[in-house]
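*Asks:* Below, each chain spelled out in residue letters.
There are 2 protein chains.
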Amino acid sequence: MNPSENQTAIFPKGEKGPAEYFTGTVWIKVLVPHSNTFNCQIAHVQFEPKARTNWHTHPGGQILIVTNGKGYYQEKDKPVQIISNGDVVTISPDVLHWHGAIPDSEFSHIAVNTNSQKGIAVWLDKVTDEEYSSLKSG
Amino acid sequence: MNPSENQTAIFPKGEKGPAEYFTGTVWIKVLVPHSNTFNCQIAHVQFEPKARTNWHTHPGGQILIVTNGKGYYQEKDKPVQIISNGDVVTISPDVLHWHGAIPDSEFSHIAVNTNSQKGIAVWLDKVTDEEYSSLKSG
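Those protein sequence lines, which keep their order, are chains A and B.
Just so you know, the first sequence maps onto residues 0 to 137 in numbering that gives the first Met the number 0.
Just so you know, the second sequence maps onto residues 0 to 137 in numbering that gives the first Met the number 0.
Just chain A, with the same shape it has in the complex:
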């Protein structure tokens, strides 16, 4: 089975994440665009195995709610953590971090981009293969 053909997914795949901000294949479906009424933007993001974001920050913060599979989450100068289905990660404004799928599993999360009137994301360097592989289990 092609891991991108996940028939149990509850959201459409959406658009492919641009190669300048992501490594590997990532699908982004915006569920709620930013508005001044709600002051947040919500997207569903699906990572194929090994796919990940660049290092980045959120000026208004971000909350991840894992909906499928297993992924990595790392903040700068902290160890990589494994997160899975049902886990919730709160990322304070301006904290440098990345997230993505582990090597042998898809990974999906809802991203609630809070205080989005301040902007959604500031994109920085690629996550190197060495950084990606710094946790050996999974």
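Hints should not be assumed to be uniformly reliable.
Copies of the same chain look alike in the list, so a pair counts if it works inside one copy or between any two.
What the hints assert, rightly or not - The list that follows gives simulated cross-link-like pairs (lysine-lysine, DSS-like), each with its CA atoms no further than 27 Å apart:
| # | residue 1 | residue 2 |
| --- | --- | --- |
| 1 | 75 | 117 |
| 2 | 117 | 49 |
| 3 | 69 | 12 |
| 4 | 49 | 15 |
| 5 | 49 | 77 |
| 6 | 69 | 49 |
| 7 | 69 | 15 |
| 8 | 69 | 28 |
Hints were generated in silico from the structure; no laboratory data involved.
Add chain B to chain A, keeping to what the hints say.
*Replies:* Frame of chain A, contents of chain B only:
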């Protein structure tokens, strides 16, 4: 099978919704409490068949993301709508509404309570059986 024993649920059930605000059995798991960092509060809510909220409003608005089953959503003076897995509902501040499970299905959603520094919810009247049954299909 007891519909409350849904082994595929990705979030714990949490606490029982109080009878003053809900009709029937509703489980509420707060995933992210309100904070001044994120200005939103996020909960996962599971309704057993026929269970529903009272009529209520949100001072800062609310976004529902349906994660399981089928439910009803109604705004005051508008028809009842059926919503299901993957649907997203945006509810502007101070709009009077209710939501709940259809008669023969469980229903779960994530509730993103936006601008929660303004408060989470203002609870009003019970949804009567007549109001609940105003849509005959489902």
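*Asks:* All the hints need checking, so say for each whether the structure fits it.
*Replies:* Now the hints, each set against the structure:
In this assembly of identical chains, the alpha carbons of residue 75 and residue 117 lie at most 27 Å apart only when taken from the same copy (22 Å versus 33 Å across copies). Taking the closest pair of Cα atoms, residue 117 and residue 49 never come within 27 Å of each other, the shortest separation being 30 Å inside a single copy and 41 Å across copies. Taking the shortest Cα distances, residue 69 and residue 12 sit within 27 Å of each other both inside one copy (18 Å) and across copies (21 Å). When the C-alpha separation of residue 49 and residue 15 is checked against a cutoff of 27 Å, the pair qualifies only within one copy, where the shortest distance is 15 Å, while the shortest distance between copies is 39 Å.
In the homo-oligomer, the alpha carbons of residue 49 and residue 77 lie at most 27 Å apart inside one protomer (20 Å), although the nearest pairing across protomers, at 46 Å, exceeds that limit. For the identical chains of this complex, residue 69 and residue 49 are intra-copy neighbours only, at 11 Å inside a copy versus 34 Å across copies, given an alpha-carbon limit of 27 Å. Proximity of residue 69 and residue 15 under a CA criterion of 27 Å is satisfied intra-copy only: 20 Å inside one chain copy versus 29 Å between copies. For a Cα distance limit of 27 Å, the shortest separation of residue 69 from residue 28 qualifies both inside one copy, at 19 Å, and across copies, at 22 Å.
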